[in-house]
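J.: Sequence:
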Amino acid sequence: MKLNETIKGGIAATLLFLSGLLPCAAWAQVSAILVDPLEKVFPETIFPSENFKEIDVARGEVASVQLVLRSQQNKHEVKLTIEVPELPNAAISYGPVGYVRAERSYTDPAVDRLVSNTGFYPDPILDKQPIKLEAGVAQACFLTIPIPKETKAGSYEVKISVHEGEEMVQKSFLIHVHNVELEKQRLWVTNWYSLDPKRLTLLNKGEKVKPYGELYWKLIKVLADKMASYGQNVALISPLDLATYKKEGDQFEIDFSRFDQTVEIFKNAGVLGRIEGGHIGQRAGDWTSPFIVRVPEPGADSTTFLSLPIQDARAKAFYAHFFKALLAHLEQKGWLTDYYQHIADEPIGENKQSYIDIASYVKSIVPSIKIMEACHSKDLAETIDLWVPQLDFLNKDFAFYQDRKKAGDEAWFYTCLSPRGNYANRFIDLPLIKTRLIHWINYKYQIEGYLHWGLNYWNDAPFVETTGINSEGGNILPTGDSWIVYPGYQKLYSSTRLETMRDGINDYTLLQMLEAKNPVLAKKIIDSMVFRFDWYDTSIRHFRTARKEMLIALEE
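Residues -28 to -1, 1 to 528, numbered by mature numbering (1 follows the signal peptide of the UniProt record, and there is no 0), are exactly what the sequence shown covers, in order.
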């Protein structure tokens, strides 16, 4: 990926200074240094010394490292050879970390927000893409080595050879595999995905993808496979939008075949888990406006949706029929236990009554279908079975959500363009350790699920600009809020943030395993990292020490 010429200007002074300290011959070579995968490597980053020597993992985890390359001259293609002699069949993956922009500023940034001197931030991992070096620009390569559960405990040396022409640089580090097998994931995780036609073209070299055609279903599988491999076990699938409708008079005939096909793809990929039934309602206008519901109006070639208040007789008649048909279908498929229905996203104080009206009507028709919602307001008349407050609202109303759990409800949390300030989130300009600690917050406060809206809500140029504007509220979408994967040709590229979140999900499982064995130590470790909802120890060195202590204790 060609970087803007401004990068060279941004680091020129540093290079001139260093050129007086280092022998000229050194600049003719490619230099390499290993750094922790939780480090952010900017184009201008220079590491004065190498301190990454080893990483500790359980069996069933993924070992990662970043290799930072630099040259005084442009290098068109650098090749890597990676070997783990004692793990000859290791499924090693690597690729250069791409740089993206974050041009829009947002309010209330974190005190430890990272600011790039060049304006470029590292994020996409361009697996299997050529490694090219621009003169003086740091280029990170992200390496991952999955550790199968059957791997014997022990220390494994990873040997890395960097080749450029006749030059070769060699590096190595150790993977300490502890005699601990990662148990089945216990945390519920969902990232909402988009199948918008414009976004699907980004997965098909700009060519349109026919809805519900062969390629469309193939791309859903691409999404499902990526989600499953990174710990997602809940998927947002809308029976309302995927169903087909026929209407004679006031009577609807509903076909759930496309819904079924979508569910089966996610189940076969290993995502489900649970099914989030897509929202039936939306705001009538701006952020504070009341919620309405969508009612299908089948036409000769397509179906449009009317926007109606739930009090409208047409809305009541349709949803009485729809939910009875859906309930019977879910029971017939054996999916009812795993199904949770959304009503309308993020109810607030100003529109809570319209939400209560819709949810209460749905409950009156099908009381056995559970309702879940990402919510700002807690005053929703006990219409919700699975509460998903924003992290800062969970903090503010924690006693309420503890009471709801005691009453038999579930409570998760979500992050999105908020909360900001010092809260953990997954913005590109935050330290990766704060993204890793999201699921440590889950553990500390016994919150069994996490939701984020932005798996792949790409703009037209996701490799260029990563901020956006929410047209509904006029809010800036901070860098990376809208997506955590990047489009390739019929494939998805991971990101440093996605790798970090997958590892955080595994941390949650390990912490629960430790709690079952040594609850006192589990509390000591979690309390040393997460002090409260919005305050953490973000030292990478301390984090690695705490994780190692956890793994050693699990071995005993």
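The set of hints was computed from the structure by calculation and includes no laboratory data. Small disclaimer: the values here were computed from a predicted structure and weren't measured. Please note that the accuracy of each hint is not assured.
[Said to hold, decoys possible] Straight line, CA to CA, 25 Å or less: simulated DSS-like cross-link-like pairs of lysine-lysine:
| no. | residue 1 | residue 2 |
| --- | --- | --- |
| 1 | K170 | K124 |
| 2 | K342 | K324 |
| 3 | K378 | K368 |
| 4 | K180 | K190 |
| 5 | K156 | K170 |
| 6 | K219 | K324 |
| 7 | K350 | K305 |
| 8 | K25 | K463 |
| 9 | K368 | K190 |
J.: Decide, hint by hint, whether the structure agrees.
T.: How the hints compare with the structure:
For the hint pairing K170 with K124, the CA-to-CA distance comes to about 47 Å; that exceeds 25 Å, so the pair is violated. Distance hint between K342 and K324 is fulfilled; the C-alpha atoms sit about 18 Å from each other, no more than 25 Å. Between K378 and K368, the direct Cα distance comes to roughly 18 Å. Compliance with the 25 Å bound is thereby established for this hinted pair. With a C-alpha separation of about 14 Å, the suggested pair K180 and K190 falls inside the 25 Å cut-off, and the hint holds.
For the suggested pair K156 and K170, the alpha carbons sit about 36 Å apart, so the restraint of at most 25 Å is broken. Between K219 and K324 the alpha-carbon distance is near 32 Å, which puts this suggested pair outside the 25 Å criterion. The hinted pair formed by K350 and K305 fails the criterion: a straight-line CA distance of about 33 Å is larger than 25 Å. Between K25 and K463 the CA atoms are separated by roughly 33 Å; this puts the pair beyond 25 Å, and the hint is violated.
Proposed proximity of K368 and K190 is contradicted: the alpha carbons are some 43 Å apart, above 25 Å.
Hint violations for this structure: numbers 1, 5, 6, 7, 8 and 9, all remaining hints satisfied.
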